[in-house]
Amino acid sequence: MTAARFPSEIPKAEVLFVIGANIGECAPITTDYIWRCRDNGGRLIVADPRMTPITRNADLYLPLRPGTDLALLLGMLHVILRDGLEDREFIHRYTTGFEDVAADAKQWDPRRSAEIAGVPPEAIEKAARWIGKSKRAILMHARGLEHQSKGVENCSAVVNIALATGNIGREGSGPTMITGQGNGQGGREHGQKCDQLPGQRSLADPAARQYVAGVWGIRPEELPQPGYSAQEIMNAIHSGEIKGLLSMCFNPLVSLPDANFTREALSKLEFFGVIDFFMSETAHHADVVLAGSLHEEEDGLGCSAEGRVIHWQKSIDPPGQARRDCDIIIDIAHRLGRGRYFPFKNPADILEELRVASRGGVADYYGITYERVDQQKGIFWPCPDLDHPGTPILFMDKRFYTHDGKAHFNKAEWRPSGDPVNEEYPLYLTTGRVVSQYLSGTQTRRIGALVDQYPEPRAEIHPRLAQQHSINDGDWVTVMTRRDDLTIRAMVVRTIRPDTVFIPYHWAGTRSANRLTHRTLDPRSKIPEFKVSACRIKLAAKPDTSDDDRPAHRNGTSQGCT
Amino acid sequence: MFGYEFYIDPSRCIGCRSCLQACEECETHRGKSMINFDFIERRESITSAAYVCWHCDEPTCAQVCPADAIKKGDDGIVHSSLKPRCIACGNCVTACPFGIPKMMEPEQQMMKCDMCYDRTSAGKRPMCATVCPSQALAYVQPEEIARRKERPTNIFYFGEQKITTKVFMMAPAERDAITLDVVDYMWEEKHELAATIE
Chain Y
38 MTAARFPSEI PKAEVLFVIG ANIGECAPIT TDYIWRCRDN GGRLIVADPR MTPITRNADL
98 YLPLRPGTDL ALLLGMLHVI LRDGLEDREF IHRYTTGFED VAADAKQWDP RRSAEIAGVP
158 PEAIEKAARW IGKSKRAILM HARGLEHQSK GVENCSAVVN IALATGNIGR EGSGPTMITG
218 QGNGQGGREH GQKCDQLPGQ RSLADPAARQ YVAGVWGIRP EELPQPGYSA QEIMNAIHSG
278 EIKGLLSMCF NPLVSLPDAN FTREALSKLE FFGVIDFFMS ETAHHADVVL AGSLHEEEDG
338 LGCSAEGRVI HWQKSIDPPG QARRDCDIII DIAHRLGRGR YFPFKNPADI LEELRVASRG
398 GVADYYGITY ERVDQQKGIF WPCPDLDHPG TPILFMDKRF YTHDGKAHFN KAEWRPSGDP
458 VNEEYPLYLT TGRVVSQYLS GTQTRRIGAL VDQYPEPRAE IHPRLAQQHS INDGDWVTVM
518 TRRDDLTIRA MVVRTIRPDT VFIPYHWAGT RSANRLTHRT LDPRSKIPEF KVSACRIKLA
578 AKPDTSDDDR PAHRNGTSQG CT
Chain V
819 MFGYEFYIDP SRCIGCRSCL QACEECETHR GKSMINFDFI ERRESITSAA YVCWHCDEPT
879 CAQVCPADAI KKGDDGIVHS SLKPRCIACG NCVTACPFGI PKMMEPEQQM MKCDMCYDRT
939 SAGKRPMCAT VCPSQALAYV QPEEIARRKE RPTNIFYFGE QKITTKVFMM APAERDAITL
999 DVVDYMWEEK HELAATIE
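Order-wise, the sequence lines are chains Y and V.
By the working numbering, the letter at position 398 of the first sequence is numbered 435, and the numbering carries on one by one without gaps.
By the working numbering, the letter at position 68 of the second sequence is numbered 886, and the numbering carries on one by one without gaps.
If you're looking for bench data, these hints aren't it; they were derived computationally from the structure.
A portion of the hints provided could be inaccurate.
[What the hints assert, rightly or not] Looking from chain V toward chain Y, a few residues come up when the C-beta cut is under 10 Å (computed):
no., residue
1, Glu-823
2, Cys-831
3, Ile-832
4, Arg-835
5, Gln-839
6, Glu-843
7, Glu-862
8, Ile-864
9, Thr-948
10, Cys-950
11, Pro-951
12, Gln-953
13, Glu-961
14, Arg-965
15, Tyr-975
[As the list claims (entries may be wrong)] In silico DSSO-like links for lysine-lysine, alpha-carbon gap of 27 Å or less:
no., chain 1, residue 1, chain 2, residue 2
16, V, Lys-967, Y, Lys-172
17, V, Lys-901, V, Lys-890
18, V, Lys-984, V, Lys-889
19, Y, Lys-49, Y, Lys-435
20, Y, Lys-49, V, Lys-967
21, Y, Lys-170, V, Lys-967
22, Y, Lys-443, Y, Lys-143
23, Y, Lys-280, Y, Lys-230
24, V, Lys-942, Y, Lys-351
25, V, Lys-901, Y, Lys-414
26, V, Lys-984, V, Lys-967
27, Y, Lys-143, Y, Lys-448
[Unchecked claim] Using C-beta positions, here's what the derived DEER-type ranges look like:
no., chain 1, residue 1, chain 2, residue 2, range
28, Y, Glu-259, V, Glu-1006, 52 to 60 Å
29, Y, Ala-578, V, Glu-843, 36 to 44 Å
30, Y, Asp-510, V, Pro-990, 43 to 51 Å
31, V, Gly-849, Y, Glu-259, 52 to 60 Å
32, Y, Pro-429, V, Pro-924, 52 to 60 Å
Yeah, the Cβ is synthetic: ideal placement off N, Cα and C, and Gly gets one too.
All chains, please: the whole structure from these sequences, using the hints.
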């Protein structure tokens, strides 16, 4: 949900609560809007096991243990309700389910939350009171909150705080997920997900199936039922249920958890086709590789993290035999005998279909055209008509996307991580990103200046933990989990909890952090728990890297593929 | 120039180094960045800072140059050394109170930030300020900077030496000691770590 359409709303907030979002490194251009909010007198609260760059100007910092966000959020809701800071009128008029959630929050006094999250009860009280007493609060989260086996509960707990304080459907307020990639938001709207149809419709909804099948000129029965998510696909390949795979711009050897499992799975495929712009590590397992295009090489519309549909203009042609991704897909459809459903000549034709297919859905694109997007510098969905201006802030009318039009409190119940710490594995491992690398590194690990900026993953550890193991900055350290171990250099910094190890995940092979992570999924979102693993560490000798994939330094010899 | 001034605010820097990359891409000195960038003390803190040249009204670098190779234009921009004149003695590198000039190898020439003279002299913004996502390096009109919490200043004291500059530095309205250890913000019930938050 992007109830607060940042960044334009951010400077208007009185309080910004940022949990599990390394905005400075993963959404850098959002930073200036956060600083503008502070210039306007707004307060910044950051909850993260590490001091990320924006923490330098935080008014309150909550260094919680990995995977304990829910305990913190429940404690904050407890304080808001205990101190009578909730918005009674909003709750009464526009929501359902409050009593159930309020009764549950009663059990979470800040001291209980503090014991689990490892931050002072006084700090939990302060964060809750700042939000509860403010007129406008924005609660921002990203993968740190979501990539957990209870990610949906975590997000519900954020929404519950926003609903309890009436911080939704007005300027400078709202719960806000910072979606990731260029079109990461759009992917949730166009029907790319295994359980969705265009317009954020559900593939399991009979009415939605009927409508979209009509748009596509097929019978609803011809549509599949909701399918597997990314990790479930890999599990099904490993078990032999899925035997063929066609993937686009997907590097699961680096980006999915338990990389050794992923490698085993890929080797079992009877057919594996890859569409990608570079030869990723995963593409090396493919039977057929089709050279696709970068976004600079293909025109089209996408949706930004703020829910604004924008125009990505092509600036160069794909080189050599590389082709536009849409042409590759259309050609495959023709070879499969389904060409009549793909009569598109260019991306604008595809938009015409999406406009109709999304019409009446939550993410309604019907009023969006290339001309309007260019004239208005982007249009916020829903935009149901050609004369509709778009919707810069959601829920201003206090009508929500539910059957009764009310916002629903959802109870978020505490449960432990899928890979709990114990005496054998007493530390938390959390993974994430660095500013100079992007996702699985297929693009950024081949750009010399970016490689120089952060050439290889380092294990961030606190000096107190380092001392226990006689580890100095730059020493080799082995990080062990229940899956595998990894030997990389240590980075000893006072900016991480002493019970936590952080490793960025952008690399492959012997430097892959995802060899250590586990495949526990959130039961509803099916997102793996990248952010919480149990681990232990020890001082190590320099590993044998003779068969390693070294980085392509600008002054060294490139290995070709990254 | 054109109503715009350059403002540096290290407290807004997030360490992304976009400014270095953008500076390196400039056609006039490709592959060499004129930005000065530091993590203040990475072991202790995530604070970082990126600087361009302050372009002093009376540039120390030019005053100490024995070859008269460093020139300041009427517009206040202090340029890289003139190649035919520079003898690569390094006096300017040693003398600059801000640590800006860089001795380039193998050119054997001092080079420094010229505020993207090719761009700013034509009314365009400098590369670094164009890409800076947190506007720690900002090239804006004074009205815009007035909206910020911090105040701009272009007066510096280095011991006895008073320096005034073309580029402004944002200074905090009030100063506070900054606690940098994550442990200071943590809490554990029966542990040596006592809650220290006020």
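Can we keep the Gln-953 (chain V) interface hint, with Cβ of chain Y closer than 10 Å? Holds. Min distance 5 Å.
Under 10 Å is the threshold here; is the Cβ of Ile-864 (chain V) close enough to any Cβ of chain Y for the hint to stand? holds, 5 Å
Indicate whether the distance between the beta carbons of Ala-578 (chain Y) and Glu-843 (chain V) respects the range 36 to 44 Å. Once the Cβ atoms are compared, 40 Å apart, the range 36 to 44 Å for Glu-843 (chain V) and Ala-578 (chain Y) holds.
Between the alpha carbons of Lys-901 (chain V) and Lys-890 (chain V), is the straight-line distance 27 Å or under? Satisfied, since the Cα-Cα distance of roughly 15 Å is no more than 27 Å.
With a cut-off of 10 Å, does the beta carbon of Cys-950 (chain V) approach a beta carbon of chain Y closely enough for the hint to hold? Holds, because the Cβ-Cβ distance from Cys-950 (chain V) to chain Y comes to roughly 8 Å (cut-off 10 Å).
Please check whether Arg-835 (chain V) passes as an interface residue: C-beta within 10 Å of a C-beta belonging to chain Y. holds, 6 Å
Does 43 to 51 Å hold as the CB distance between Asp-510 (chain Y) and Pro-990 (chain V), or does it fail? violated, 30 Å
Verify the interface restraint on Glu-843 (chain V): the C-beta must sit less than 10 Å from at least one C-beta of chain Y. holds, 9 Å
A closest beta-carbon separation below 10 Å is what the hint needs, so does Glu-961 (chain V) meet it against chain Y? Violated, about 14 Å.
Should the hint that Thr-948 (chain V) touches chain Y count as held when the rule is a Cβ pair under 10 Å? violated, 12 Å
Classify the hint on Glu-862 (chain V) as holds or violated, based on whether any CB of chain Y lies nearer than 10 Å to its CB. Since chain Y brings a Cβ to about 5 Å from Glu-862 (chain V), closer than 10 Å, the hint holds.
Can you verify the interface hint for Gln-839 (chain V): is its Cβ closer than 10 Å to any Cβ in chain Y? Because about 6 Å separates Gln-839 (chain V) from the closest Cβ in chain Y, which is inside the 10 Å limit, the hint holds.
Violated hints, listed in ascending order, are 1, 9, 13, 15, 25 and 30; each of the other numbered hints is respected by the structure.
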